[in-house]
Every structure is written in structure tokens, then in C-alpha cells.
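Undergrad: Here's the letter readout for the chains.
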Amino acid sequence: MQDNQKPIVSSSADFQREIAELLIECLNLDVTADQIIPDAPLYDKGLGLDSIDVLEVALVVSKRYGLQLRADSTDNQHIFSSLRSLADYIATERTL
Amino acid sequence: MITPSLPLVAHVSPDSIIAWRAAGAVTLRQFLAEVGQLAARFPAGSHLLNMCSDRYRFSVGLAAAIVAGKVSLLPPAHTPEVVRQMKVFAPDVFCLTDRDLDTEDLPQLKYPVMGVGQPDEFAIPQIAAGQRIAVLFTSGSTGIPQPHPKTWRALVGSVQAGALRLGLLHNHPCTLIGTVPPQHMYGLESTVLMAWQSGNALSQAQPFYPADICRALAAVPTPRVLVSSPVHLRALLDAGLALPEIARVVSATAPLSAQLAQDVEARCNAPLMEIYGSTETGMIATRNPTQGAEWQLLPGIKLVAEGDCMRACGGHVETPIAMNDIIEPLTAERFLLHGRMSDLVNIAGKRHSLASLNHLLNALPGVVDGAFYMPDEAGHDHVTRLAACVVAPGMAAADLLAALREHIDPVFLPRPLLFVDELPRNRTGKLPRAALQALLQTHRTRKTYE
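Note that the protein sequences, when read in sequence, are chains A and B.
The first sequence begins at 501 in the working numbering and counts up one residue at a time.
The second sequence begins at 561 in the working numbering and counts up one residue at a time.
Keep in mind the hints are simulated off the structure, nothing from the lab.
One-sided excerpt, in silico: chain B residues whose CB lies under 8 Å from chain A:
id	residue
1	F768
2	Y769
3	A771
4	V791
5	A799
6	P970
7	R975
For each residue, glycine too, the CB sits at the ideal point set by N, CA and C.
Pulled out of the complex, with its shape left as it was, chain B reads as follows (with noise of 0.2 Å):
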């Protein structure tokens, strides 16, 4: 019986560039050959968390994992307590890292300086469909996170799919700079797989600033995608910086606001697309925001109704996923989105679940009762924080915020905390989301006339 397989990419020549590095072009050649080289220096546990914080050596790191027949793990943070849980997860799991980390309870190999490439034999790898390439998590509910398996076919075919709407499958290669991190699922698939799958390169850069965005364009040759998230383009488009020239821009982790999306069009010079998906299925549909408002399924998504929910199933999902959106069907494949289902919070695009936050908070030594509330948003391009109320006798701020700051990404940790007597639950003690709002809304009041 043949096994069916898939390229590692979708270059054919050996001299056909992948990526960009600070020192000039990479080429399949030389990429593979570092691929190599690294699988060889891989341990023999199957579980790798690819701390990589330089895209191309990321990606060396994954093809490498993936060559070797080994899974990549990629929870949405790196806090002490997430990679305690990932060690759980998996015992035999070891870390490969670009920089010095001091306290890490796993096993390290730390990202090697690579040798001349000799004239390997030269032979594109052949990957397993159905083999599993990653483990991505999420959150969870319980404050455990939730593994969500990725094979080969699945990603394959959501890259390929999103490539095609994007314009990426062309004979005049362009090149990807991303202000996201791989080891996200947007990232990882907009910026090293789509790279990989239809042909182009990847940028190693991994910019922060809008200076720094402006750099990472420049240092690479047109034509350029700028895969970027709400956050960022607000921040490269308020420091009024001139932009180099950009073919396309890609936006996903939160709707961009009308008015946003019309002053990067007219900014950039170029057509935006954005994605919408989620670390379950991936991406799962387009749209060009200012176009029109309406999502566009990429071929073979479907979207079923179930109770209050939609799941997205068919195509490259490879099982029905409950999607956490409030999602308004308008046709088979087009559909409008009206924000988040109440449980979940995305603050710059980073997802956890409200009531694992509450079970976190309430788990926490010293804290009687607890709540976090997230505000209603103030404005679309801006990050609106969480605010937390809690009964905690003797507890001191910093020491709360410093337990949470084990266990959740920073940007979760709740910003004002308050102290207070009791939460003003109700009889059934039930906690109403006013009665919260009302309680905050007096601290603040009273903080403004102090």
C-alpha cells in the first residue's frame, strides 16, 4: 500500500530562494542542508517545543522536526507554568532555543552554528499525509491547555487554500515579513508554511516596532507581503514613517475596523486581505475589509449550526470545530461576524477562556473569591485590558499578579485589580456581569477624585 505524501515545499530548483537572513538569500539547497544537519543533533525524544525566536532558524527548527519525524509542540505562551504542562504532556519533550535561557526544567539544544554546506545530495523531502507535524494549544477552560493535533494534509491544505486567494501562487516569487510570531497558528501558517507551500520565502526578521518594520521591509527585495495583525499596522500607520514598497498586506487575529482597513489600503499602496480562522482549524476564510464586511470560506469549508454555535467542518478541517465567534450566515460560503462568544477574551490577538482565567484566579493560595471582567471595547484598533475583582485578606497585589504571572500570558493579567470586601454575587450566587461593572466603575470614579 502506498502511504500518500506531500513536499516539505513547493520549490523545485535547488538554487530557488526560502528566505531571507540578515547575511543575504537562502536557498532550498543550503535550507535543507541545515535541516539536516540540525535533525541530526536532535535528541531522541519525539517532542520538541521550538523556542526559536529568529523565523528562519524557527523554521529550520520545525522542517527539521518534521524530517525527523518528530512533533512540534507550541502552547500559546512560554510561562514557567505552560511548560511545566508541556513536559506533562509529553515526558520525553525537549526545548530548542536561539538564545540563553536561564530557567528552563527541560532539556535544551541550543540553536547550532551551522557548517559550510556541502554538495548534499539533493532531494526534496516527501512527508507523510497523515503524519502529525504539530501540537497547538489552546487554553482551555480548566487551566489545563487543550492539544489540537496538526498532520500534514490538514496544514498543507489550509496554507494551499490561502495561498491561492491571496495571490501568492505565481511564477515572480515574492517575499514574507511577518510582525507575528511562528509559533502561533497564524503565524506558523502565514508565515513559514504559506512560505514554504506555495513557493516563496520568509523574511527571519521578527519586527516590533514600526521602525523596525520599515527595516524588515527594506532589507528584503520586492515584491513584499506584510503579514501584520491590527496592532501592529495601527502602530506602523500612527508613526507616520515612510513605508518601502508593499505588494500585499495580510491582517488576521481581530476584525480591523473599517476606517483602519481604508488607511492601510491608502497607506501601503497595496491590497489588504484579511484571514479569519483559529488555532482549531486554521485559517478558514477571507475577506478584503474594504470591499465589503462579508467572510468568504476558503474551497471546502463548510459552516453547520449547532445550538448557539457554529462549527466549521469539510476541506481541511479534519474534524467539526465549534468556532467561538457569533457567526451570521448569509450564504453557503459567505457569512458576517458580530465579535466573540461572551466566554472567550482576545487581547491583541492572544485567546484565553474567562472562566479558566476565574478558575486560575480562584485557585490561587490566599484568594477567597475572584472575578475577571473584561471591559466592552473603546475602540476597534485599541487594546482594551481586563480588570479583576478580589477577596484576598492580606494578600498583596504584587504577590497575586506574580502567581498569575505563572500561569497566563501578561497580557491577561487584569489591570486595575481590585481588593474588596465581598463580590456583589446575587442570591443564586451568581456573579451579573453589571453588578461587576458597576463595582469597577465606582473605583474608578473614586481613583479620578482623589
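So that you can see chain A by itself, here it is in the shape it has in the complex (with noise of 0.2 Å):
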């Protein structure tokens, strides 16, 4: 079952610093807000995430927006391509 489709927001800079700054606190992750390009890959050779970290981003994510991630949908590796993907995915889909 599909979801209706919501237009998606695109994340304002500020939004997406807000989110890199969540990825750093709640992964702890050794680099400054600055540091992670919005287009540049979250996973394998960008920040270097894996699954374990997107499970953790996932929960945080989902308590402080609102939001329910899930892997079944079709978008699940578009939405952790990127800082600004993701940000994007939250800014759309918040109910907080």
C-alpha cells in the first residue's frame, strides 16, 4: 500500500545543518556540521555510514519529527543518499 504522494519539500541550508548536526550528535561522529557536503554520499565512501548508524539516525529522526522511516518503501536508499535527501525526506514527511 502506497503512501498518497506528498510534494516534497526541499530543505532550506538551515534545515540541513540542523540535520547534519544531529547525524554528528547522535552517531558521534568525528567531523563539524561543515564538513558534510549536502550532495555528497552518507553512506560507504561520504561519511561512511552503515546500517547499524541509519537505524540509530531512524530513531532519533522519528521521535523528534514525527516521522516513521521504513526500508519497504521504494525511496529507502534515495533517502539516505545524501545530507540533502534526507533533509528533504524529514522536511516532507514531519508531522512535528
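With the hints as a guide, bring the two chains together.
TA: Given below as C-alpha cells:
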């Protein structure tokens, strides 16, 4: 069952920074928010996140912004592909 | 002479349900028809790397390999280097996949679209007890994966004992929903083989996020058995979602804290059973952590002290295996676990030898000296990451991490990775853990006050 498609909200630079700081705090990353390039990959060779990180981030995101991530939604890989796509997704789906 | 054999599955009726897919129930008749169709497409090679991400397709691939007399190779990860090592181990290996893989050096068989099941002659395959079914691999201490061959007898013995302990051998079939992949020993045993050998069904799902787990549970009929790990269970409870009815929860990969165990039982309203085992032995003991910290060995299994470690033997453990955990025997059948041996790192259920990680790090071109460090675990149910210090003049962190990523699962990548001028080795060249800890601590403090 697909949810009704919502129009994608483009995240602001400020919101991307908020999400970058959330990633750093949640995962204890060894970088500053400025060092996370909005379009660089979060997985693998970019920031180096793995599936355990994604699970941690999903929990914090679900609480703070009131949304549930799902791996079976077709665009899960896309959501975590970059800071910008993650921030866009949260901006679109947030209920808090 | 008659070779002893054991059936592929414990189900008897062709109409019994062996799996649930998105499209609905799969009967034993349909399953066996699909196993036959897949086996007929297998190339000549006698080793199979089963990379299917859908648990049902994995199970069909495994069964087809068993029926066709081929050995399934199950390495701890599918990094490019590990895939190359599988080819060295078995040059005729081919890979079964249900996704589009971009870079594989192996002959590939794409999981086919199955034809509509013709009314085949129905017969449950009988498998020779001594047939080699699978080879599982652990990381080993030199960077070369260590093979652990499994016979049908050993696998069946292990999961039948486990199913009995979990109370799965009754007349009301249940469905096993796993959050752990079937390519590792725990998932192989507890989400696939246990369903086959206890006459129950498996769910095709591989749920990841808490909302996925709830959906996968709700998609199958009751009674449902959730087969999971501390990482996923903690995430599931933290998410605070309304949980579908669960009959039983199973956890392995790392011991649950007493608190999380209590919370799991309270929130799932179901008894919790933990399994203890290893890739080498399969499952060997269980406990209900809310009833006590003691583990109870499966029937026939013994623990024998040898030097500093305990060896498991007897039952389905065909050759004595040294366990990588600190075990305190209480009686012949009961014991306590006191953490892992210092060389073994366990991150979210993935194990690696620290010696092997250090070996890999120091073998990288450009690395003069280097050492991994495993901090003391902060909390039972939180994932603690490795750190590393390296002497690698002129080398960029990103390049070093990319080189490591070729060899090891990303969960073992160091965080932080600290570049230093030299490691605090003592006069004998040894690297005291305390010195490494102090070095990393200095780094952390400096970062905080920057």
C-alpha cells in the first residue's frame, strides 16, 4: 500500500545544518556540520555510515520529527543517499 | 550399505504452509516445485554464493543447492575482497542473486521468475546425513576467512534441539519473522532451517526499521515468532509503535541486558528466549533472561575446560570447538557468560578478530604502523564502535578507510581514525591497551575544547 504522494519539500540550508548536527550528535561522528557536504553520499565512501547508524538515526528522527522510516518504501536508498535528500525527506514527511 | 538420511523438511502434507510471501502462503508442494525449477537452472559449479536478500528466495536457493548436491558458501560479508576470497576457496563458485549486482567477478544466476507449478510428483527429498550443505566463514586471525563446513546431520541436530527448547514443535503451526539475515549462522538456523525442521513457516521479509518489523509481523497470521537481535529489539521498543500480537521473541548475537529483556517481554507480551552459539558450533544453549542469567546447554552438548578457554563438544557439535567467550560452568548443563575473549570484537552481532583487523590495517600500502582499539562498552544494548590509531604519513583518512572497506564489513571501520606520529609502544614493542586508550582520550578531549 503506497502512502499518498506528498509534494517534496526542499530543505533549507538551515534545516540541512540541523540534520547534520543531529547526525553528528547521534552517531558521535568525528566531523563538524560544515564538513558534511549536502550532496556527498552518507553511506560508504562519503560519511561512511552503515546500517546500524541508519537505524540509530531513524529512531532519533522518528521521535524528533514524528515520522516512521520504512525500508520497503521504494526510495529508502535514496533517502539516505545524501544529507540533502535526508533533509528533504524529513521536511516532507515531518508531523512535528 | 544404507546411508542414513534426513528429510529436507519436517512438513508432511503437500498443502502445509512453508512460507509467507507478499503474495500469500507458499505450500510445501509449490516450494518443492520451485526448488526443482531452480536446481534445473544451476550451472555446473559445485559451490554457490547465495546472496538473495528475500528470505524466501534464499531458502529456495539453499534447498535447490542441497537437492542438487551443491555447497552453499556463507561468508560474513560480501565485500569485494571477500568475494575474491570465495573464488580462491572454490574456483567453481557461482552466485545466486535477486538484485542487479554491478560489480561481481563471479558467474551470476539471477533468481528466475518461477513458472506456474505443474502438478509434479510430490516427494519430500531425503538428504544424506553426512552431505556437506554449507561452508560458513569467520574472519580468522590472519585476514583469510576461516571455513567451517556443515553437514546436514549437524545442522538438523542443532535446529531440532533449538526448536524443541523454543516450544515450536506443536500442532499449531507458527510463522517465523526474522530481522537478521539468513546468510549468517544465527539467521540461517533460526529463520530458515528451524522453520523447515519444525514444520513451521518462514516470512519472506527482511524488516529493518521498527515500522518494517511491525508490518512484517502484521502481514502473517498468528502465532508469530519474532527472531531478532538486541540492536533491532531496542530500536523496536524505542520507536514506541503499537506492536502486533507476538507469541514468542527470540534473540541472539549478543546477550540482552536484564532491563531490555524485561522490557521486551512486557511490551511484546510474549516470552523471550535467548540463544547462545557461534558460527563454528551453531546454537548450543538457551536461556530466558527474565528468569535468570544462567544458560542451559542443548541436549548432548558439553563444555570442557582446556587451558584458558572452554570447548564445546557432543550433540551436533561434530568436532570440539573452543568458544570465544569467557564461560563459567555452574553444573554439567548450566553456565554463565562473562563477556568475550579480548581478541574478539562483536559489533551488532558481527564478529571479527582484533588481531586480524590489526593485520589488515598494517598490510595496507602507506601504513607504517597501526592498531585498532575497542573501547569498553558504554551500555549493554548500545553499539560501541572501534577506534584506531595509525602512523601513515601523507595518507588521507578517506583513502585509508576506502582501502579497509575493500576487506572488512563497514561496522568494523574505525571511528575515530586518529593519525599520529608514532604509537605508544613500550620497549619490547608491545602496545599496552592503557597507552592506546590514553592516546585516544587525549584526542577526544582536544576535540571537545577546540
